[in-house]
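Since chain E is already given, all that's left is putting chain D on it; use the hints.
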Amino acid sequence: MRRISTFFYTIGQGFRGLTRNRWYTLASIATIAACLFLFGLFYTIVMNFQNMVRAAEEGVSVTVFFNEGVTEEQILAIQSALEQRSEVRKVDYISADAAWEGFKEGYLGPYADGFTENPLIDSANLQIYLSDVSMQPNLVTFLESIDGVREVNRSEVTASTLSGVNRLVAYISVAIIAILFAVSIFLISNTVTIGISVRQDEITIMKYIGATDYFVRAPFVIECMLIGLIGSAIPLAALWFLYGQATEFIGGRFSILSNLLRFLPIETIFERLAPATLIIGVGIGFLGSFVTVRRHLRV
Amino acid sequence: MFAPPRRRARKVPPDEIITLEHVSKSYTRNVPALNDINLHIRRGEFVFIVGDSGSGKSTLIKLLLRELVPTEGRITVMGYDLVRIRHGKIPKFRRNLGIVFQDFRLLKDRNVYENVAFAQRIVQTPGREIRKNVPAILATVGLAGKYKNKIRQLSGGEQQRVALARALVNKPAILLADEPTGNLDPNITWEIMRLLEKINENGTTVIVVTHNKEVVNVMKKRVVTLRRGVIVEDEEEGVYRDEED
Numbered sequence: 000m001r002r003i004s005t006f007f008y009t010i011g012q013g014f015r016g017l018t019r020n021r022w023y024t025l026a027s028i029a030t031i032a033a034c035l036f037l038f039g040l041f042y043t044i045v046m047n048f049q050n051m052v053r054a055a056e057e058g059v060s061v062t063v064f065f066n067e068g069v070t071e072e073q074i075l076a077i078q079s080a081l082e083q084r085s086e087v088r089k090v091d092y093i094s095a096d097a098a099w100e101g102f103k104e105g106y107l108g109p110y111a112d113g114f115t116e117n118p119l120i121d122s123a124n125l126q127i128y129l130s131d132v133s134m135q136p137n138l139v140t141f142l143e144s145i146d147g148v149r150e151v152n153r154s155e156v157t158a159s160t161l162s163g164v165n166r167l168v169a170y171i172s173v174a175i176i177a178i179l180f181a182v183s184i185f186l187i188s189n190t191v192t193i194g195i196s197v198r199q200d201e202i203t204i205m206k207y208i209g210a211t212d213y214f215v216r217a218p219f220v221i222e223c224m225l226i227g228l229i230g231s232a233i234p235l236a237a238l239w240f241l242y243g244q245a246t247e248f249i250g251g252r253f254s255i256l257s258n259l260l261r262f263l264p265i266e267t268i269f270e271r272l273a274p275a276t277l278i279i280g281v282g283i284g285f286l287g288s289f290v291t292v293r294r295h296l297r298v
Numbered sequence: 000m001f002a003p004p005r006r007r008a009r010k011v012p013p014d015e016i017i018t019l020e021h022v023s024k025s026y027t028r029n030v031p032a033l034n035d036i037n038l039h040i041r042r043g044e045f046v047f048i049v050g051d052s053g054s055g056k057s058t059l060i061k062l063l064l065r066e067l068v069p070t071e072g073r074i075t076v077m078g079y080d081l082v083r084i085r086h087g088k089i090p091k092f093r094r095n096l097g098i099v100f101q102d103f104r105l106l107k108d109r110n111v112y113e114n115v116a117f118a119q120r121i122v123q124t125p126g127r128e129i130r131k132n133v134p135a136i137l138a139t140v141g142l143a144g145k146y147k148n149k150i151r152q153l154s155g156g157e158q159q160r161v162a163l164a165r166a167l168v169n170k171p172a173i174l175l176a177d178e179p180t181g182n183l184d185p186n187i188t189w190e191i192m193r194l195l196e197k198i199n200e201n202g203t204t205v206i207v208v209t210h211n212k213e214v215v216n217v218m219k220k221r222v223v224t225l226r227r228g229v230i231v232e233d234e235e236e237g238v239y240r241d242e243e244d
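As they're listed, the protein sequences go chains E and D.
For the first sequence, counting from 1, position 275 maps to 274 in numbering that gives the first Met the number 0; every step adds exactly one.
For the second sequence, counting from 1, position 215 maps to 214 in numbering that gives the first Met the number 0; every step adds exactly one.
Only chain E is shown next, with the shape it has when bound in the complex (with noise of 0.2 Å):
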């Protein structure tokens, strides 16, 4: 009974922690908070960047035309065997007939109807869509080297520069992400360290009297994550509120540009960065009072 009252008796001490040391809670949390932001803003940019290149890679396609007389079972079987390689995402067959027909629409329009035959008798093809761009030469290599294939048609430009592109963002951003997240760990350690230290003699006061390290630490691990959680419960609702709003008016100012502007939805990004950010808020608030008040113990 006297445990269960100490605990609560703790935790409430937690809570008005942050009240009696306000200026500390709120300058703890605006650090907190200011880095998180960052944190989050940065992975926003990157998984929406990330998600455009993606979008992009997923148009670029190779296609295969096929010698005269190769019959179209022939074809549907290179098909299937092109559909088991790793790097291919999709196959699809377009017929002769399917060819010309596309080919009238988009081109002739009217002006079709003089052709009484078709002329795209030997178009067959098959239109190759890579899961992984950059893995496009070696697919060219494989089809060039299949016997009955005339002539392999891609854009080695696109494709290359594209997956150039996804690999220097990738490593951008993991080297970015990783320093946001040191310097962050760092502030918000050094600002917990600051806050418990100056507090020292309130630690030395509570062990004098005879106080556990349990009944000194717990008030202080408890009103820290607090701090943590509240610190990182701010960037995400800024990030949730002014997402909308950006892409919003992104979308608004640069509609000519809708094909390639696709952005995320906020959802999305905030299944992984909603619990990153708490538990890096939380996290290091536990940890940080955890060791701080633990090296102002020993009185």
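It cannot be assumed that every hint is accurate.
Just so you have them, the derived chain E footprint on chain D, three or more residues with Cβ under 8 Å [claimed, not checked]:
{"id": "1", "segment": "89-103"}
{"id": "2", "segment": "112-120"}
{"id": "3", "segment": "123-130"}
Keep in mind that the hints were calculated from the coordinates and are not lab data.
Owing to the predicted nature of the structure, the values given are computational and were not obtained by experimental measurement.
Yeah, the Cβ is synthetic: ideal placement off N, Cα and C, and Gly gets one too.
Only chain D this time, still in chain E's reference frame:
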């Protein structure tokens, strides 16, 4: 190489509450802050520990609080061997002591009641008893009407009374007062000393570290004089003697 001679353990009288045997404490290799101290304090005694700055008084208090461990010797307080005590047992040991400091060391962001109740919380006193004990002890030290005041709103004398109330609320067997009147004017000094005397009359062992010659000479209690880390005098109903005296 010979092993140092083992000292035969002395039989501790049943009423002895604090025992220091051949205690030395050095912070650096060559200069001991305390050197081969022997001190025995009985239950219910009132003892002044006097000496100039640097004589080793603060080190002695820190050893009794188990804030420091002696370099040599043995310290026993209320049956606790302070050299061998485990870290986890120190809080339980300290609950037997009431401590008062020159600078009061109160929690300034809490009011008078909370400062005293805090000491009871630490020993897990039920809330109902805290609500009964705290006003009672505040009445004893003459602060019944100020329990809601913030510490900053109190005079130095009142702050020392709060510190005394906090030290006494858990009914400690020993009260350690480190320069309790060092920051107070003469009138308040005597009020605090009378309170300490009353506490002693109620059975608490009181140990007062002080510089105040007048207080020591008027009160006629046991006086232990430290000089350069050594006890140079220990007399019942003693007086404060400077090095020149």
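Status of the hints after comparison with the structure:
Coverage of the segment 89-103 of chain D by chain E holds. Counting CB-CB distances below 8 Å, 7 residues qualify, and the rule asks for three or more. Remark: the segment 112-120 of chain D is confirmed as covered by chain E, as 3 of its residues place a Cβ nearer than 8 Å to a Cβ of that chain, reaching the required three. Counting residues of the segment 123-130 of chain D whose CB falls under 8 Å from any CB of chain E gives 3; the rule of at least 3 is met.
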